[in-house]
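Asker: Residue numbers (our numbering), protein chains in the order written: chain A, 10 to 274; chain B, 17 to 279.
Hints are computed from structural coordinates only; laboratory data are not their basis. The model shown is predicted, which means the values in this text are computed figures rather than measured ones. Check the hints yourself; a few may be wrong.
Claimed, not checked - From the structure, some residues in chain A lie toward chain B, with a derived Cβ separation under 7 Å:
#, residue
1, A86
2, R87
3, L105
4, P117
5, R222
Ideal Cβ positions, reconstructed from N, Cα and C, are used throughout, including at glycine.
Chain by chain, the residues run as shown.
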Amino acid sequence: MERDDPILEVEDLVVRYGHRTVLDGVSFTVRRGEVLVILGGSGSGKTTLLRTLVGLIRPHSGRIVLMGEDVTTLSGARRRELRTRMGMCFQGSALLGSLTVADNVALPLREHTDLEESTIGIMTGIKLNLVGLAGFGDYLPSQLSGGMKKRAGIARATVMDPEIIFYDEPSAGLDPIVAAGIDRLIRKMQQAFGLTSVVVTHEMESVRLIADRVCMLHGGRVVGVGTLDELERLEHPWVRRFLSRQPDDEPGTDPDFLRSLTGAG
Amino acid sequence: MTRLAGAVGRWTLDLLQAGLRVSSLMVDTLAAVAATPFRGRSARGRAAVESFAEFGSRSLPIVGMISLLVGVIIALQSSYTLERWGAQRFIATLVAVSALREMAPLMTAILITGRSGSAITAEIGTMQVNEEIDALEVMGIDPIRYLVVPRFVAMVLAVPAVTVVSMFIMVAGGLFTSVWVVGVPGGVYLDQTVQSLVARDLVIGLTKSVFFGVAICWVGVYRGFQVRGGAGEVGRATTSSVVTSIFLVILIDLVFTVFFYFV
């Protein structure tokens, strides 16, 4: 497999909520087999970007070519077919609360394949074992901890052996040890299966561990794409602040803000 | 004045838009039902059976209880008027006709709205909040097919089925009341019941109840999918689902009553 050939190309993507532009001309490429991290602060539009990439939000304009198909114009059946070749892990893991963990993981197989129930059982078991949840198949999602739910979500997203997987804030809300475990799992999935991974996060610790390349998002625009080393050499003031964990300028020192408080001017 | 006109205009537009979305939901559901939704997927068949048990069988105790009480009430109320003419045997007619044509379908629909229409909204609304609906979409699983179709099939079958039970129990309630309270012999009551009923009464009652089932399910599902935000929204949507359903049920009832009055 050619590692440099692009699996996902985003061109000049614009997303609007009403009159508010959330993503403004975003372009980047994801190469087959790499882990690309979309890094940005709160409100930078990174979750919106991910939801647009998987087709949950319709963009205002622009192109998203995923595995050779333009996601923005695909019809129902073709879109569903494409979706069986990708996986997504949601921030809250989004396991179906009414199904056991094993049934959650088996769901795509039951819906999209005609495999025997026994085969489905074995494949589900393998994936659960891979993410470290062997023996938890009969639990309901509500009985699992946050980290275990994330792992179950990863098992479900990879059960169809997808070519690309999207993670939305995989380590958000987890303690550092559990978060590191999830990071290692993401790396493991990529190394074991050559699984292309697109990870949205704001955690610098994760980025250092998992990223081949980083796409930095600020105010709905891409401010830099490259390895972490390349980004650290950028002169962009916001990138420098983000990477070195410096706060924004104190809002209280802004003269306009002071004037607005006193009502003068 | 302009503000008022604007508000009325906006309200009308919102209403039209909601109507449009509900219709497209209806079309999607019917298309999915028509496209053999159980094609080798025993899971969805099982879901429909499970929903039928939930909407139907498990509502029987409360529906039975209420139907018995309503039967007693109709009998007593009719007796109050009829005894002046010494025509108490016609209690049977009044109970039978009002139970089959009106009270059994209506009471059943209202109880199932409260029990299950609300539950459908709460369940789908919670799934919406937890991104479970999005997860289904991304897995390439159509939420309409996966979530709505089994509930729709179950609801459209369950409401008439429970209505039939309710009809029997209402008539029984009337029977007990006229035998033990008013003093009409049981044989006379049953004769009178059989004489006064025609197949048409049953058909009218059941036709209504099918449409009630359709309304309860669609309102429940639609309100559920509408939920955005958090748990508070789920509560609001559930309340609104019940109120809307009951209103629609009574509206449909009126339309059918007017229709069958003239036809």
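Asker: Look at each hint and say if it fits the structure.
Answerer: Hint check results:
no. : hint : in the structure
1   : A86  : violated (10 Å)
2   : R87  : violated (10 Å)
3   : L105 : holds (5 Å)
4   : P117 : holds (5 Å)
5   : R222 : violated (24 Å)
Comparing the model with each earlier hint shows violations of hints 1, 2, 5; every other hint is respected.
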